[in-house]
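K.L.:
The chain contents come next:
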Amino acid sequence: MNLSKQTYKKYAEATAEKTPCLKNCIKAFLIGGFICTLAQGFFNLYKYLGIEEETVKSLVPVTLIFIAVLLTGLDIFDDIAKHAGAGTLVPITGFANAVASPAIDTKAEGFILGVGAKIFTIAGSVILYGILSGAIYGVIYYIVKLIMG
Amino acid sequence: MQRGILYPSRKVFVQSSASVVGGHEMKGPLASCFDIHDDKDEFGADTWEKSESEMQRLALNCAISKLGIKDTDIGALFAGDLLNQCAGSNFGLLEFDIPYLGLYGACSTAAEGLVIATLVSGSGYMDRCACVSSSHNCAAERQFRYPIEYGGQRTPTSQWTVTGSGAFIIGKDDIICEGDNQSGAVEISDVMIGRTLDYGITDANNMGAAMAPAAADTLRRYFYESGREPESFGLIVTGDLGFEGSKILRELMKTEGYPIYANHVDCGLLIYNREEQDKHAGGSGCGCSAVTVASYIIDLLRCGKVQDALFVGTGALMSPTSTNQGGSIPGIGHLVHFISHKRDV
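Those sequence lines, one after another, are chains R and P. Quick note, this note's numbering runs 236 ahead of the 1-based positions in the first sequence. Quick note, this note's numbering runs 1 ahead of the 1-based positions in the second sequence.
No lab work stands behind these hints: they were computed from the structure. Please note that the accuracy of each hint is not assured.
Unchecked claim - With a cut-off of at most 25 angstroms between alpha-carbon atoms, the simulated DSS-like pairs for lysine-lysine come out as follows:
{"id": "1", "chain 1": "R", "residue 1": "Lys254", "chain 2": "P", "residue 2": "Lys343"}
{"id": "2", "chain 1": "P", "residue 1": "Lys41", "chain 2": "R", "residue 2": "Lys318"}
{"id": "3", "chain 1": "P", "residue 1": "Lys343", "chain 2": "P", "residue 2": "Lys306"}
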């Protein structure tokens, strides 16, 4: 065929069905918003139950993680995420799913070489670069504080 | 040296074929054509890899029992799948007493197996050969993409790996399955080995675009050498180009001067109700063309509704490691030419 790689790649990209960005954004906003509202609901509930605010701040993410992991195990999370996209990915629910799903997958390969070794296959990047950017931010904050007095 | 269309030295027939599928495939339009299915995709195994092996065992067993022969009546077995080290075939076909060669041709494995089985049976070395190929959605997904329960969003160009296994028994005699008086013999008159082509596609979610040039290349070479026009064939069947790849292939063939709009079908588009079942660009995987050809296409040929069909088994030779290293995805397409001996429809 008289077709260069560049021409073909451009043609294939141009002809490919496009991701419905606007529709996805709206769905992500609504479902993500619902998750955040739900979290705020838990926050109010725990405070109403008389739990200290500092403890509530830990309890709310733990509750969301529990729900996300449970839904992952019940084969429901991916069906929601298929529509939600960033709506489930960005809140802590996405992180929980990213840890739970490889754990389920690799259980058959054993707890050491399977679950243990592969549980952070996806979340590993979040953990590494999360900690790294936290450390860099800490250094910058320290220097700025020194200069500003 | 012969590099184009390869004609077996003696006549070769598809003596028997069998298909085994999972639940999603049974919800598709071809459900009534398949031999064996498990709606839960498990096939009695406790891991997805073992399920895939079991599908291969069931497929070959079914094809053998349709003929009423023993495994020792088969000279050689050519089988492959998508799993690392071809684990699906290696383990699934252990119980058969047949000399075995493992194949890897990505999604083109069904066609690759048919090409080799045709040439070996047609050469006179063996009177009868078998070929089996399979893919399992869950096993492939976790090896090539993400964990099964991972909550990701798939792009519209992505394809759904078919859970299924197809088996064919190819031999020199036109044996028709016992008790089947309506069917005609299906001959494989010639085959063509595809060339690996790399057009720089790096998007692992657009395999159709990666494979289309290879399929077009094989078809173009075939039409050129045979001197036949695309319209002279009953059907031109591609393996798993899906919606994207089929669109591109038809365009490419038009520019090559061999339009195939009238009689082109793609197994990836036949196997699912794409919109209803939310399968994006359609089905893919070794199982996709294997089960569709082993059931639907062979049935059409046996009953004479289609007189001859060109089957191009397409494969995207994708390696997650190379893709991560910035490499592209080469494509391949092997061709098998089926002829129906049923004339009085």
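K.L.:
For every hint, state whether the structure bears it out.
P.N.:
Now for the hints, and whether the structure bears them out:
1. R:Lys254 to P:Lys343: With a Cα-Cα distance of about 45 angstroms, the restraint between Lys254 (chain R) and Lys343 (chain P) is violated, given a limit of 25 angstroms.
2. P:Lys41 to R:Lys318: Measuring from Cα to Cα gives roughly 21 angstroms; hence the hint holds.
3. P:Lys343 to P:Lys306: holds (9 angstroms)
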